[in-house]
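Novice: One-letter residues, chain by chain:
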Amino acid sequence: MYNKKILLVERQDDERGILKKILTNSSFEVLDFSDSMGAIQWVMENGNPKLLILEEFAVPLNGWQTMDYMRSELKKDHPTLIVLDADTKTSNKKLQGYLRKPYSDKTLVEIQSFLDNLKTPDEIEELSKAYSLDYLIDLSDGNKEFISESLELFKDSVSERITALQAAIDQQQFGEVRKIAHSIKPSFHMLLNHKGKELCQALEHCKIDNELSVLVQELKLEYELIQNQITLDSPIEKI
Amino acid sequence: MKKKILVIEDNPMVVKSLEFKLLKEGYDVATAIDGRRAMEQLETNSFDLILTDLMLPFVSGDQLIEHIKINHPNIPIIVLSTSTQEDIITNAFTMGVDDFITKPFSPNELALRVKRSIGSLKKTTNR
Chain A
4 MYNKKILLVE RQDDERGILK KILTNSSFEV LDFSDSMGAI QWVMENGNPK
54 LLILEEFAVP LNGWQTMDYM RSELKKDHPT LIVLDADTKT SNKKLQGYLR
104 KPYSDKTLVE IQSFLDNLKT PDEIEELSKA YSLDYLIDLS DGNKEFISES
154 LELFKDSVSE RITALQAAID QQQFGEVRKI AHSIKPSFHM LLNHKGKELC
204 QALEHCKIDN ELSVLVQELK LEYELIQNQI TLDSPIEKI
Chain B
504 MKKKILVIED NPMVVKSLEF KLLKEGYDVA TAIDGRRAME QLETNSFDLI
554 LTDLMLPFVS GDQLIEHIKI NHPNIPIIVL STSTQEDIIT NAFTMGVDDF
604 ITKPFSPNEL ALRVKRSIGS LKKTTNR
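In order, the protein sequences belong to chains A and B.
Residue numbers for the first sequence follow this note's numbering, beginning at 4 and rising by one.
Residue numbers for the second sequence follow this note's numbering, beginning at 504 and rising by one.
The hints are simulated quantities; they were obtained by calculation from the structure and are not laboratory data.
Check the hints yourself; a few may be wrong.
What the hints assert, rightly or not - Between beta-carbon pairs, the in silico distance windows are:
#1 A:30 / B:619: 48 to 56 Å
#2 A:234 / B:543: 36 to 44 Å
#3 B:531 / A:146: 25 to 33 Å
Using N, Cα and C, we set each Cβ at its ideal position, and we do this for glycine too.
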């Protein structure tokens, strides 16, 4: 089943309600926010939506700033539609696509058309994943029991090691930090999560002890992102 | 009789994967999560192959390989490495390990390398 989640940031309650209803009726799952920080927080905690719809004059970050933040800080390159103000021209180079208010059934057609013109659904799905089971499926010929147990092991063992990482940082045992990072690196790699793997690698080879703490925090966030996405997806049922 | 392989590795996901694949290939598998437990296993059991990480708790990779080479010289060793351990792998080869596999391993490559290393044991012991 494809990712059907759309994140909508719109300040006006009535307009937000109208678009949410139109999209929900068309079987999209809409996560709606009156401010952009709510949307950013959602992405940090829950993973990746299929599409972002950002009102140009959203607050506290406007639509452009929110899109930039997702790309530069969270490294998330989601398909994004900006809801332009009546006076804004459509020549902005950052613009992937745009909508204008008031929202109506025509808006739905524009959104569908935008999504159809992106990539194939499979490619969109692949882009939006914090993890992939491809390696585990290949290894086990799709053995559900093995994959399910491996995901449980990821959840428990990586959580335990991240706690140990934090303890090692607190006690300034930096050699221990590097050993633990080496040990858990394959766990991220096996779920084809490259960011987690690279963070572990950076922890292993980082020469500046003060930077280790930041890397551990980033790794913790990435772990939480994977876990939340797995919970959302229930991937075993789809094998 | 099934060939017996000792897997020495502290990442439980890697252990599970190796165990799954090797059992499926028809081998008996024993596991140890650190160097000390591996040495205990080696004292009480006989093995046809050892698959080991080089960064383990309690006993370093060098110490472990040295121990195996002195006390169990006929058992082939395959090192489980990551792609960023070139110097460590080179050192392991100079100490006499037979092969290495990168983590996470390719299932087919694992099967081939294990078969080849166990085959080399047979040739040595038949002489």
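Novice: Hints first: check each against the structure and report whether it holds.
Specialist: Now the hints, each set against the structure:
| no. | hint | result |
| --- | --- | --- |
| 1 | A:30 / B:619: 48 to 56 Å | holds (53 Å) |
| 2 | A:234 / B:543: 36 to 44 Å | holds (39 Å) |
| 3 | B:531 / A:146: 25 to 33 Å | violated (20 Å) |
Violation of the numbered hints given earlier is confined to hint 3; every other hint is satisfied by the structure.
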